Amino acid sequence: MAILERLHKKVETAELYEFRSWETPVRFRAGELESAKAIERTGRALRVIKNGRLGYSTTTDLEDEESLIEDTLASARFGDPAPFEFAPKAEPAQVECFDPRVERLEVEQMISMGEEVVERVKSYNPELHIEVGLNRAVEEVSLRTTSGQELRERTTTFTLVVEAQRTEEGDILIVYDELASRTLREIDHLKLADSLIERLRWCERLAKVETTTMPVLFTP
829 MAILERLHKK VETAELYEFR SWETPVRFRA GELESAKAIE RTGRALRVIK NGRLGYSTTT
889 DLEDEESLIE DTLASARFGD PAPFEFAPKA EPAQVECFDP RVERLEVEQM ISMGEEVVER
949 VKSYNPELHI EVGLNRAVEE VSLRTTSGQE LRERTTTFTL VVEAQRTEEG DILIVYDELA
1009 SRTLREIDHL KLADSLIERL RWCERLAKVE TTTMPVLFTP
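Heads up, the sequence shown is in our numbering, so the first residue is 829 and it goes up one at a time.
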């Protein structure tokens, strides 16, 4: 029997959140490939309102529904007052969050992208210590409430981080840049490498601070 159905008549209202994610992180250290992994995560979170109080519990064991229900009901005895209801049935706005090209991206392609970034930055200065991180993620999320709401969503994310370190006598310089997007069309790994090189060029001339009155800016 489904979790929400088992809570019928035991609570005023309930909400069940479930997720499953697949990640492929690729790491370069000192310009060389260090690791390429595959990571899978699953989880479930249950919230209830019982006697006007909020109960909450999570688990990564999707087979043990009974413990999740018991823990959630137990926490509701000491939960905060909950003067609200969980989401009723409604049609949400559709937002583009999934790119099949990210899902199909192979580890070999990610390694090739990392190697090209390292080569581009090394062409500017072969003495730099370069680290590159790439990650491809696919996530499936579902949300159900006893008020009739039922949502399912698949999302993708691709991230690319590049860091360059230069060590000289009396000076350590660390410069980094990154990109993150739901779609591959917004990812240009060589453009990111060029952006990092531009930042490194800005650092070639050391600025000297004189003893004088300086303006101070406060941002919001």
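Think of the hints as simulated: they come from the structure by calculation, not from any bench. Worth double-checking, as some hints may not be accurate.
Derived DSBU-like pairs: lysine-lysine, alpha-carbon spacing no greater than 35 Å straight-line [claimed, not checked]: (1) 865 to 837; (2) 917 to 865; (3) 865 to 1019; (4) 878 to 917; (5) 865 to 838.
Bear in mind the structure is a predicted one, so any value in this text is a computation, not a measurement.
Do the hints match the structure? See the list:
1. Under the criterion of a C-alpha separation no larger than 35 Å, the hint pairing residue 865 with residue 837 is inconsistent with the structure, at around 45 Å.
2. About 39 Å separates the Cα atoms of residue 917 and residue 865, which puts this hinted pair outside 35 Å; it is violated.
3. Proposed proximity of residue 865 and residue 1019 is supported: the alpha carbons are some 25 Å apart, at most 35 Å.
4. Restraint check for residue 878 and residue 917: the C-alpha separation of about 20 Å stays at or below 35 Å, so the hint holds.
5. Of the supplied pair hints, the one linking residue 865 and residue 838 is violated, its CA atoms being roughly 43 Å apart against a limit of 35 Å.
In this structure, the earlier hints numbered 1, 2 and 5 are contradicted, and the remaining ones agree with it.
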